[in-house]
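Asks: Chains as they are written, first to last, in our numbering: chain P, 1 to 256; chain R, 1 to 337.
Everything labelled a hint here was simulated from the structure, so no lab data went into it. A couple of the hints might just be wrong.
[As the list claims (entries may be wrong)] Derived DSS-like pairs: lysine-lysine, alpha-carbon spacing no greater than 25 Å straight-line:
(1) R:K130 <-> P:K86
(2) R:K130 <-> P:K2
(3) R:K170 <-> R:K87
(4) R:K170 <-> R:K45
(5) P:K2 <-> R:K151
(6) R:K87 <-> R:K45
(7) R:K130 <-> R:K87
(8) R:K130 <-> R:K33
(9) R:K240 <-> R:K45
(10) R:K130 <-> R:K151
(11) R:K240 <-> P:K2
(12) R:K151 <-> R:K91
(13) R:K151 <-> R:K87
(14) P:K86 <-> R:K240
(15) P:K86 <-> R:K151
(16) R:K87 <-> R:K134
(17) R:K33 <-> R:K45
(18) R:K45 <-> P:K2
(19) R:K45 <-> P:K86
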Amino acid sequence: MKRLVMDTLVIAERNLVRLPRAPDLLLAFTVQPVMFVLLFRYVFGGAIRTPPGITYANFLIPGIIVQNIAFGGFVTALGLNEDVHKGLIDRFRSLPMARPAVLAGRTLSDVVTNLLSMSILTVTGLIIGFSFSHTTPLEVIGGVGLLALFGYAFSWVFALVGLLVSSPESANSFGFIAVFPLTFISSAFVPPQFMPAALRAFANVNPFTIIVDAMRHLWIGQPAGNYVWGAVVWSLVIIAVFAPLAVRRYRRAAGV
Amino acid sequence: MSTSLPADQPASAGESADELAISVRGLSKSYGKVRALDGVDLDVKRGTVLGLLGPNGAGKTTVVRILATLLAPDAGTASVDGLDVVKDAAKLRERIGLAGQYAAVDENLTGLENLTMVGRLYGMRRAQAKARGKELLDRFELDEAANRPVKTYSGGMRRRLDLADALVAKPPVLFLDEPTTGLDPRSRLNLWETIEGLVADGTTVLLTTQYLDEADRLADTIAVIDHGQVIAEGTSDELKDRVGGERLEVRLDEGADVQAAVRALASMSDEPPVAEDGVVRLSVRERHGTIVEAVHRLSEAGIGVDDLVIRRPTLDDVFLALTGHVAEEPAEGEDAE
């Protein structure tokens, strides 16, 4: 167990050290989200109806942060895929290190990068008119914690994807084909009550809706219902399902 | 290098296990319908180099992957340093080093960061791992590049760093999977000298290669592998003796009648001469007078000769004689993957 923690930290440190040296990746979770915030706020914002009493800036920021956090695990998918192709996974697997450490280190370093992009997005949000309202400092911090947990859970999904797909490009298309629709057909950008019936039905059961509503509840006091525990449970379920699958896949992973 | 001398080994291991660093019996592995390994037996004595020689797809990489605990065999047993590669895999990983043809180093880390990471994953403390890393960088003449990201390294430097990674824990057994594939001749020679140094210090090496000169130079014993089976084993000289005596190679003038040349020379050899790309090759019974005789026969037949040489058999000849195809010819199917 001690070995697992040590090895996980070594791998996480490695991922973080190399990050600033891969500038394209760095752009992906710093500049890109800011661009999306600005586009949504100023291009779509005026045309999207929000529930009464909520400005679009307040509606948008929790939603777009959740979407970004879901994409944060992307760094794991790309990184693992690269490690498999470069033969580094073979090296790790030939070392007397704890078996799950490569994946645990990956997902752990994602938490750090997620916190970074979360801060960038929150600051951007505050600049374009978002404000924490009907909330307490504890709830704001709780929101950060929930985002970190949810992002961590999604990193395990991406860990499995990174080990399964044949190239970084395929990992990329998984992101766009699976995660994009899931986040758009949720309460993240548009209130589901304004969607066509079929989409609304999907959006209402979409886990992303639960996470986004939990975030809104914590940061802007709406919607009134408490979705936080639902969001926590969803995150834990995702980890419980995908972490063992990813570790199992890792044990059999083979280099080029 | 902390080499495991026989005296360091557990007494219970028995005498033969003491002498053998690697022992493989009946190893088989299939990928779907492709039989990558079909009953491989190998023995490697401590402190020696076994060259596993074969074309792409022969199964060399599969052997290494199984011995390095990356892959479980379908059948058969293998032990390295007295430890079973399946049952004792976790323990064995502390006793082996692996360097591969793909130079498994992190391009975005510096040389020193790479080595320190590997050291820590072997369970060393940070300072200890760093010190060991510096030691290895000095030894591999990478000290000046120690703090540069690996993506700025040349191919030869990457291979040296990869090899250094494999040596971090001073493993008594080292697996080198095509260590010089794709390297320029100077880097190759350089790496050969490094490997020779390791062996001189007592490390046991299993080396796969498709280069005959590499096996010839580095390996104490050579196992020729083709279609997942060991088809010949012995020292370089023993293998060459199996092919027979001197080789005569005649390069004909462009447009010369190759078949006529083969006919003219046939009775000089016990086996039919082989013609390829305007070159006729045959083994001859004796060196003395052979060139004069060959020139005489060819000029009598009116065949122009561009070049003519007599030489000892190479491992190329061995491979051709054993497998019926030349070593570089890629076999069908991927190697190991």
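Asks: All hints, please: hold or fail.
Replies: Okay, the hints, checked on the actual structure:
1. R:K130 <-> P:K86: Between K130 (chain R) and K86 (chain P) the Cα gap is close to 23 Å, so the pair holds against 25 Å.
2. R:K130 <-> P:K2: Within the cut-off at roughly 21 Å; holds.
3. R:K170 <-> R:K87: holds (22 Å)
4. R:K170 <-> R:K45: holds (18 Å)
5. P:K2 <-> R:K151: violated (33 Å)
6. R:K87 <-> R:K45: This hinted pair holds, its Cα atoms lying about 22 Å apart.
7. R:K130 <-> R:K87: violated (32 Å)
8. R:K130 <-> R:K33: violated (46 Å)
9. R:K240 <-> R:K45: OK: K240 (chain R) and K45 (chain R) at ~22 Å, within 25 Å.
10. R:K130 <-> R:K151: holds (20 Å)
11. R:K240 <-> P:K2: Violated. K240 (chain R) to K2 (chain P) sits at ~54 Å, over the 25 Å cutoff.
12. R:K151 <-> R:K91: Violated. K151 (chain R) to K91 (chain R) sits at ~33 Å, over the 25 Å cutoff.
13. R:K151 <-> R:K87: Given that 25 Å is the threshold and the Cα spacing comes to 38 Å, the pair is violated.
14. P:K86 <-> R:K240: Violated, because 37 Å separates the two Cα atoms, which is more than 25 Å.
15. P:K86 <-> R:K151: Holds, at roughly 12 Å.
16. R:K87 <-> R:K134: Violated - the C-alpha atoms of K134 (chain R) and K87 (chain R) are around 34 Å apart, more than 25 Å.
17. R:K33 <-> R:K45: Given pair K33 (chain R), K45 (chain R) is violated - Cα atoms ~33 Å apart, limit 25 Å.
18. R:K45 <-> P:K2: violated (37 Å)
19. R:K45 <-> P:K86: violated (32 Å)
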